[in-house]
Amino acid sequence: MEALKKSMSTDERQIQVRFVTKQEKYALPEAPFSIPCGIKADLLSVLVNNLLRETRETGWEEVEFDFLVCGEFVRLPLAEHLKLKDINTEVTIDIEYLERFPAPEPEDSLNHDDWVSASHCFKDWILTGSYDNTLHIWKTDGSHKTTIPGHCGPIKGVRWIEITGSLATFASVSHDQTVMIWTVDLETYAVERVHIGRGHERSIECVDVDKNSSFLATGGWDHMLKIWAATSDSVLTTEIDDGENHKLSTVNSGKSLRRTPLMTLPGHKEAISSVVWTESNEIFSSSWDHTIKLWDAELGGLKSEIVGNKSFFCVSYSSLNQTLVSASADRHVRLYDARSQEGSVVKSTFTSHVGWVSTVCWSTTHERLFISGGHDNILKLWDSRSPNAPLYDMVGHEGKILCADWSNPSLMVSGATDNTLKIFRSQA
Amino acid sequence: MGPMKKKYEAGEATKYITRAQALKKLQLNLKDFRRLCILKGVYPREPNNRKKAQKGKLDKKTLYYVKDIRFLSHEPLIWKFRDFKVFMRKMKTAMEKGDKETVARLKENKPSMKLDHLVKERYPTFMDALNDLDDCLTLCFFYSTLPRDTKVPANLISLCRRLTVEFLHYVIAAKALRKVFISVKGIYYQVEIKGQPVTMLINHQRGFKPTSASDVDYRIMTNFVDFYTSMLGFINFRLYHSINLQYPPKLPGITVKEDATDEDAVEEYNELVAALNSSLVTNVPQAEEEVQIDEFPSAEGAEKLEEAKREAEAIERLKSLFKGLKFFISREVPRESVVFVIRSCDGEVSWDPSIFAGATYDETDESITHQIVDRPSVDKQYLSRYYIQPQWLFDCINFRRLLPVEDYFIGANLPPHISPFVTERLGDYIPPERQMLLALQRGETLPAEQEEEEEEEEDESEDDSSDEEEEEGKVEKKEPIKSQVVKEKKGMKVMRGRVEMPDVKGMEEEDKEHYKFRELMIRNKDKRLYRSMMKNRRNREREAKRLENKRKQHEKEEKSLKKSTSSGKALTAKWSIQPLSATSDTQTKKMKMM
Numbered sequence: 000m001e002a003l004k005k006s007m008s009t010d011e012r013q014i015q016v017r018f019v020t021k022q023e024k025y026a027l028p029e030a031p032f033s034i035p036c037g038i039k040a041d042l043l044s045v046l047v048n049n050l051l052r053e054t055r056e057t058g059w060e061e062v063e064f065d066f067l068v069c070g071e072f073v074r075l076p077l078a079e080h081l082k083l084k085d086i087n088t089e090v091t092i093d094i095e096y097l098e099r100f101p102a103p104e105p106e107d108s109l110n111h112d113d114w115v116s117a118s119h120c121f122k123d124w125i126l127t128g129s130y131d132n133t134l135h136i137w138k139t140d141g142s143h144k145t146t147i148p149g150h151c152g153p154i155k156g157v158r159w160i161e162i163t164g165s166l167a168t169f170a171s172v173s174h175d176q177t178v179m180i181w182t183v184d185l186e187t188y189a190v191e192r193v194h195i196g197r198g199h200e201r202s203i204e205c206v207d208v209d210k211n212s213s214f215l216a217t218g219g220w221d222h223m224l225k226i227w228a229a230t231s232d233s234v235l236t237t238e239i240d241d242g243e244n245h246k247l248s249t250v251n252s253g254k255s256l257r258r259t260p261l262m263t264l265p266g267h268k269e270a271i272s273s274v275v276w277t278e279s280n281e282i283f284s285s286s287w288d289h290t291i292k293l294w295d296a297e298l299g300g301l302k303s304e305i306v307g308n309k310s311f312f313c314v315s316y317s318s319l320n321q322t323l324v325s326a327s328a329d330r331h332v333r334l335y336d337a338r339s340q341e342g343s344v345v346k347s348t349f350t351s352h353v354g355w356v357s358t359v360c361w362s363t364t365h366e367r368l369f370i371s372g373g374h375d376n377i378l379k380l381w382d383s384r385s386p387n388a389p390l391y392d393m394v395g396h397e398g399k400i401l402c403a404d405w406s407n408p409s410l411m412v413s414g415a416t417d418n419t420l421k422i423f424r425s426q427a
Numbered sequence: 000m001g002p003m004k005k006k007y008e009a010g011e012a013t014k015y016i017t018r019a020q021a022l023k024k025l026q027l028n029l030k031d032f033r034r035l036c037i038l039k040g041v042y043p044r045e046p047n048n049r050k051k052a053q054k055g056k057l058d059k060k061t062l063y064y065v066k067d068i069r070f071l072s073h074e075p076l077i078w079k080f081r082d083f084k085v086f087m088r089k090m091k092t093a094m095e096k097g098d099k100e101t102v103a104r105l106k107e108n109k110p111s112m113k114l115d116h117l118v119k120e121r122y123p124t125f126m127d128a129l130n131d132l133d134d135c136l137t138l139c140f141f142y143s144t145l146p147r148d149t150k151v152p153a154n155l156i157s158l159c160r161r162l163t164v165e166f167l168h169y170v171i172a173a174k175a176l177r178k179v180f181i182s183v184k185g186i187y188y189q190v191e192i193k194g195q196p197v198t199m200l201i202n203h204q205r206g207f208k209p210t211s212a213s214d215v216d217y218r219i220m221t222n223f224v225d226f227y228t229s230m231l232g233f234i235n236f237r238l239y240h241s242i243n244l245q246y247p248p249k250l251p252g253i254t255v256k257e258d259a260t261d262e263d264a265v266e267e268y269n270e271l272v273a274a275l276n277s278s279l280v281t282n283v284p285q286a287e288e289e290v291q292i293d294e295f296p297s298a299e300g301a302e303k304l305e306e307a308k309r310e311a312e313a314i315e316r317l318k319s320l321f322k323g324l325k326f327f328i329s330r331e332v333p334r335e336s337v338v339f340v341i342r343s344c345d346g347e348v349s350w351d352p353s354i355f356a357g358a359t360y361d362e363t364d365e366s367i368t369h370q371i372v373d374r375p376s377v378d379k380q381y382l383s384r385y386y387i388q389p390q391w392l393f394d395c396i397n398f399r400r401l402l403p404v405e406d407y408f409i410g411a412n413l414p415p416h417i418s419p420f421v422t423e424r425l426g427d428y429i430p431p432e433r434q435m436l437l438a439l440q441r442g443e444t445l446p447a448e449q450e451e452e453e454e455e456e457e458d459e460s461e462d463d464s465s466d467e468e469e470e471e472g473k474v475e476k477k478e479p480i481k482s483q484v485v486k487e488k489k490g491m492k493v494m495r496g497r498v499e500m501p502d503v504k505g506m507e508e509e510d511k512e513h514y515k516f517r518e519l520m521i522r523n524k525d526k527r528l529y530r531s532m533m534k535n536r537r538n539r540e541r542e543a544k545r546l547e548n549k550r551k552q553h554e555k556e557e558k559s560l561k562k563s564t565s566s567g568k569a570l571t572a573k574w575s576i577q578p579l580s581a582t583s584d585t586q587t588k589k590m591k592m593m
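Protein sequences appear in the order of chains A and B. Position one of the first sequence corresponds to residue 0 (numbering that gives the first Met the number 0), numbered consecutively onward. Position one of the second sequence corresponds to residue 0 (numbering that gives the first Met the number 0), numbered consecutively onward.
Among the hints, a few may not be true.
[Said to hold, decoys possible] With a Cα cut of at most 25 Å, we get these calculated DSS-like pairs of lysine-lysine:
#1 K303(B) - K318(B)
#2 K399(A) - K488(B)
#3 K303(B) - K399(A)
#4 K492(B) - K138(A)
[Claimed, not checked] Calculated from the model, a selection of chain A residues having no Cβ within reach of chain B, i.e. all distances over 12 Å:
#5 W59
#6 E106
#7 F121
#8 N132
#9 C151
#10 R197
#11 K210
#12 T290
#13 E297
#14 G299
#15 S303
#16 S351
#17 V353
#18 D382
#19 H396
#20 R424
Just so you know, the hints here were simulated from the structure itself, not pulled from any lab data. Using N, Cα and C, we set each Cβ at its ideal position, and we do this for glycine too.
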């Protein structure tokens, strides 16, 4: 407060601002204020708090605010921020303020026997895959439910397919070139391997399920993107005609049904590092050949392509705002709008990691938040309106982060080479 | 097998011809050949391969293009040379015989040459002639100042004088003067004609004859001057008509018949013209038009447009720099250059009537504002005028503004006369006076005023910022502990995201490494050139530093001397532009002009 008063009394240049907000409970009268131009965001927060305290008679608790100018968070002193954005300082500037997103709380750390390379959450359960060829199912309170061996190589991707009642289906891909579809009884934790999908000629890197839970897309080191049927319905399996003998089996037969891909989409020149389905039957695939390709799954063809400078390690698509974030070897996280043809495809670049960014994941409830994990052992929470600084850094891993997930809106999980899966609870 | 190809039958061998062969072909003697080459603009050429060009021989002969010599052979002037040779032979025999009638008759019918067709042939357009005007003017000015007893025909000297005076009148009327520089050789003027800069050198008038006059071969130069006088005549005519002046120049109010028998009157009239002090009669009464600079919307060249506008405005100011000022020139000051310079910038000037004709007012005139003096002291000083040294005029023109007169008072140690013709290269030493000139040309505000303002601001802000720093220091100590870690549990921490500060030093080092790598990649062919280029650059920088240190040393000494002297005045004029203290209306007007 003292610093604020002091800075306001100096001969520093003053800027006219107006405080606007979309959150009704923090509304202020829209009168312009004159504030020194070198002010920082924390002092602005103090100012707004004092203003609100004056307008409310009842007791007022200090709330931390974040400030946006022209759709971007203010992280530098205001004058520098305006200069960077080339905003005219003579005009009255509208500063939007909103309550700061609360910091996630560190919750738990789940120990594994080897590197945790894949993770996926669904409701109360967490599914992890590790380099010791085993899958694990945990409950969100940190209790380990079951270990599932079965693969012959490190597991690189896991996905819950669907949960109906107490029966759940999930898929896992591994270096042993197979896709395995499993079912598990969520009360007894009895696991059955339902299908083994063979078709990739080299290790498989990634897997994703489509919105209707009927198809799987996998990508691997053989540069191919393959689409598989995800249902374990016996009806579906008869539709496959590839000349091989299928043995129809029911869920409880104990024999694994061999499955072959429905479609193979060549096109990438290097390993495919991650795939993600969109809501309209399209697939984004990122690869080490510096491109992200958009495929049409129905027709089986390439729709468009985004080219970069370095290999991409992960992409994540948000159905809330139809944008894509990518994790790349050049330590930047980029936001793309794949539909737009005009201008640059990259909408923003988020720079804070100090090494390769290995994984990104959009929030399923917030249209602006996503997390990214990198080889600098830090999991960062970003708001898409603040490209030069993340909202929060979640420190704790002692090894490179290999996977991160935020499918459960309240849990951010990340698996790393220190054999642990760390869980952070997000407050909002 | 077909006919064998012999050496030196094709290519360079057939392109060149030696001087002796050329003389033989044209049937001229060396003197006439030289004259012809000068008049036609033909020069000897350097072949790429001397052995081939000279058909195997390796002696150093002067070579001309065969085509050039063929071109010369069609020149009708050759017949004039031969006529002249014949005339000389006849004259010689007649004079030896003592045959006065024949001599008189021959003299009457002396063959004469006109060089007009050469001018038209060599300069098909006016701009071509303007390109060559530098040398022409310099030689003509030189010849106009030659004493009569040199081996140069007297009428040529007076012709040169007339032509140069006409040219100076044009410059005054068109207000074309742009740059002046006084040097040892003479005074350099740069004049702008139709957008083309023309630089001429007018040598100093010396009372004594230049030594070793016998070494100079005036014959060759006279050949050049013959051609240049015709050329300058044409150019003057064209220039005069382009600004609607009558050519030959007429002074208003005075009529002299062209074929006047009274030689003194003609001489007097010529003197008046040469005085450069009155405006000439125009053909068409000129209406003053305010020409507005066209605005061409251009996407890229916005800066260039600004610069060009500024330049045009500066030149407009220069044209009427001395407007309203009345000058008087003392007897010891070289009159012509000062008069020319003052009149080119719209000033009024006069001098003592006993030294030259054409004085309009004398020393006792009350409305004189400046008197140009070049002696250590003046007995009687009028209060209403400034007594200044002539360098003030030249410096004002180069700076394109009226400089403070105090630095140029009688007996003052003058500031250095900076040459406007120098373009500094990268790394050269730029003296502070020149820096000031460049800054003014770029349109920056007067530095002295700005410095004062800045100093005041700095003082104020310094007091405040020191207080603020103490406060902030206290606040900041709490902040890192508070804001960094928000949550912590089980060895996992959640921290606020921070903005990454760009690593300036690291980037710089990386850039340096990249540069060194690129240096390694230069091809071997270019490496030598690159190394010598960088070496020269470093030498120049070292030289510039040395000069800067020398200057700093000098200024320190001056300061200490200034402190020790009782009067408190600096011995050297400190280069600062300070507004004059207003004492009269005219002076306030001058201040506004500045």
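- Against the earlier hints, flag every one the structure doesn't satisfy and list their numbers going up. 3, 6, 16, 17, 18, 19, 20
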